[in-house]
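Produce the complete structure using the sequences and hints provided.
Number of protein chains: 2
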Amino acid sequence: MIKKLTFIALTVLLSVEGLFAQQALFSGGPQITSPQVNPDNSVTFRLLAPDAREVRLTGDFIPAQGWMPGSELMTKDDKGIWEYTTKPLDSDLYGYAFTVDGLRMMDPNNVHQIRDVATVTNIVIVGGGQGDLYSVRQVPHGTVTRTWYDSPSNKYVQKRRVTVYTPPGYENSKKKYPVFYLLHGMGGDEEAWINLGRTAQIMDNLIAAKKAKPMIVVMTNGNVVQEAAPGESSLGLYKPTMQLDGTMDGQFESSFKDVIRFVENNYRVIPKSHARAIAGLSMGGYHTLHISRFYHKTFDYIGLFSAAVMPDEKVAGSPVYQDIEGTLKQQRDNGFSLYWIGIGKEDFLYKANVDYRQLLDKINFPYVYRESGGGHTWTNWRLYLSEFAPLLFK
Amino acid sequence: MIKKLTFIALTVLLSVEGLFAQQALFSGGPQITSPQVNPDNSVTFRLLAPDAREVRLTGDFIPAQGWMPGSELMTKDDKGIWEYTTKPLDSDLYGYAFTVDGLRMMDPNNVHQIRDVATVTNIVIVGGGQGDLYSVRQVPHGTVTRTWYDSPSNKYVQKRRVTVYTPPGYENSKKKYPVFYLLHGMGGDEEAWINLGRTAQIMDNLIAAKKAKPMIVVMTNGNVVQEAAPGESSLGLYKPTMQLDGTMDGQFESSFKDVIRFVENNYRVIPKSHARAIAGLSMGGYHTLHISRFYHKTFDYIGLFSAAVMPDEKVAGSPVYQDIEGTLKQQRDNGFSLYWIGIGKEDFLYKANVDYRQLLDKINFPYVYRESGGGHTWTNWRLYLSEFAPLLFK
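Protein chains in written order, with our numbering: chain C, 36 to 429; chain W, 36 to 429.
Everything labelled a hint here was simulated from the structure, so no lab data went into it.
Keep in mind the model is a prediction, meaning the values are calculated, not measured.
Please note that a few of the clues may not be correct.
Which copy is meant is left open, because identical chains are indistinguishable; a pair holds if it fits in one copy or across any two.
What the hints assert, rightly or not - Subject to a maximum C-alpha distance of 30 angstroms in a straight line, what follows is the list of computed DSSO-like cross-link-like pairs (lysine-lysine): (1) Lys122 <-> Lys274; (2) Lys364 <-> Lys429; (3) Lys292 <-> Lys210; (4) Lys246 <-> Lys194; (5) Lys246 <-> Lys190; (6) Lys274 <-> Lys194; (7) Lys274 <-> Lys114; (8) Lys248 <-> Lys111; (9) Lys292 <-> Lys194.
Have a look at this one:
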């Protein structure tokens, strides 16, 4: 009935969907595997660039040179393939990129990328340990939802995007769940924790291993002037910037009640302080510190990940920042289950966290302190999430 | 109380979150804007590459050279910035990339990218027409959910990922909605329509303009051997391939009942044929053709976008593909509201679609035919979605 074509001819024809797929298909040349995780947990990176004069590898497994990322020279073989093999790496998730004759570029053989502010980076996971927590594994998977909520208390924008993780089984039960609010740092947005932070993978794996309770995780956008992440709002496909107005003027903290109301009205949650947690990294740690003080008896679990603990009340005028010591004493007296502070030894906020702990010690404010290696990095924030989540709602 | 830091010092410190953010911050050099959409709808692309010998621009606004993408030479200024300005472009969404000394690379000033099979491409939207439908605008937004469903009828994998768009207002009502199942082509997955196809933006904008009814859109994974898109399954961060086993062996069609059951059990839907639509592109058009025949009186709205209408019953042995002409007659007699066929004049499947329409004509099977310019491209599939969705559930 229909003109006969063999199945093989058909599938060859079908292989040509769109211009760039064509390009991928017909670009020819040797097939390259990159990155390749080797049995000893070293990783080999390869790039076909016969005409390049110098190719370097940057990655967060290569020590930084002061403020600048470190890099390693790659070596070219007689086919024009540049290659570099690391020493065996700790199990983890790593970002990397190539620098070809001074120009930073992605690995064309690796579509797996993450965006950090205005920079896109390839990723590779080395398994067998911590990296397994960041991998999608054969375990029940939660659901990830991007939705919008009304924030009438925010003077800048009142429609705001939020990312919500609901645990495996949420859809098939009538159970009510505890809620963990998870806040990003400066330059981040509601995509930061789910993409850079691997929240869904970490939670799926911890819940499957019965190391964490099933919980809802709510990832907000802490930039009060933004409706949504770059590219997800009516501002269009613009270039993200680190600096935004209003991120530390008290508006995010004072309008946080809007997201709590949205979550408690739209998800099956336990609307009690013993079933609410909040944590954040860097600027999100600052937001967490203030929100957990400002909303009395609302959060029993609080996490400060590499927190920016300044400015104090003399610097910013919002009611949110008034009488920090007094309200911390109030928070202490109200009681809570966990106040967790994590910081890397090399973090530029290390000293600020020492000072903050001295204040807490002075007023007998109980907290758990976790000092890791490294600095102000997503490597640490993924680690902190994987350690903090198991402590919640016990 | 806490060591005093000025707000300015703080925000400078906070600007350094992670290695690659540091790199972005301290890389120095002139600030480049790329891409830049000009008032006359021409687009200027720029790349800082002082040491490059030749920089070319590829993009789907540049005519292809046979099977290969076309390219335009860019021009270097005295600061080492390469630049190219297109002629005024039709309002649309365009993909592009640079080729630097023979090496394809992303625009480092544009974080907005889409993946098509194993190729990542930058995107730019030219507004003022069709492109506005693909933009996030200040209209009510639907919710996009990535979740997992059980597919016991699929012999390959039984846990499968699916992307679901629910329209604005879904959360705040008790209303039941019609459902539109939207299927990708070969090399695609459950991320294809939402990312490459701009489904959420198209539906938000059409619904806001009252050009489409509020509906749920379900974007499945048509590769029956896959649990999920590359990077979203336990297979890890592998390189996607165009060819997968089983995509046209009848399993996807015969197990499609599992996704219908999941949707109808988990969302507020109208479980009737008059409130079910199905459409797909290329291989997804093939799936749509067969699913809409095979499931009697299930779908009243059917869309074939650049459909692969082969193979016929002689080629594949699944019961799904038996007696195509007889079951099409049955489908005709059962009745439906719309059978829509769209194809580009330059599509390699154009002739196959002519043949298929001849068959339909022969048996007096009613359909609406839309012939566009261009070929087998996402430019056409976004266009078809924007024209097909307004016809549904009227």
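Hints, one by one, checked against the model:
1. Taking the closest pair of Cα atoms, Lys122 and Lys274 come within 30 angstroms of each other only across two copies (23 angstroms); inside a single copy the shortest separation is 35 angstroms, beyond that limit.
2. Taking the closest pair of Cα atoms, Lys364 and Lys429 come within 30 angstroms of each other only inside a single copy of the chain (24 angstroms); across copies the shortest separation is 62 angstroms, beyond that limit.
3. Proximity of Lys292 and Lys210 under a CA criterion of 30 angstroms is satisfied in both settings, with 23 angstroms inside one chain copy and 28 angstroms between copies.
4. In this assembly of identical chains, Lys246 and Lys194 lie within 30 angstroms of each other by CA distance solely across copies; the values are 23 angstroms between and 35 angstroms within a copy.
5. In this assembly of identical chains, Lys246 and Lys190 lie within 30 angstroms of each other by CA distance neither inside one copy nor across copies; the values are 40 angstroms within and 32 angstroms between.
6. Taking identical chains as interchangeable, the C-alpha atoms of Lys274 and Lys194 lie at most 30 angstroms apart only when both belong to the same chain, with a minimum of 21 angstroms there against 37 angstroms between chains.
7. Taking identical chains as interchangeable, the C-alpha atoms of Lys274 and Lys114 lie at most 30 angstroms apart only when they sit on different chains, with a minimum of 21 angstroms there against 37 angstroms within one chain.
8. With identical chains, the CA atoms of Lys248 and Lys111 are never at most 30 angstroms apart, being 50 angstroms at best within one copy and 57 angstroms at best between copies.
9. In this assembly of identical chains, the alpha carbons of Lys292 and Lys194 lie at most 30 angstroms apart only when taken from the same copy (14 angstroms versus 37 angstroms across copies).
Hint check: violations occur at hints 5, 8; the rest are consistent with the structure.
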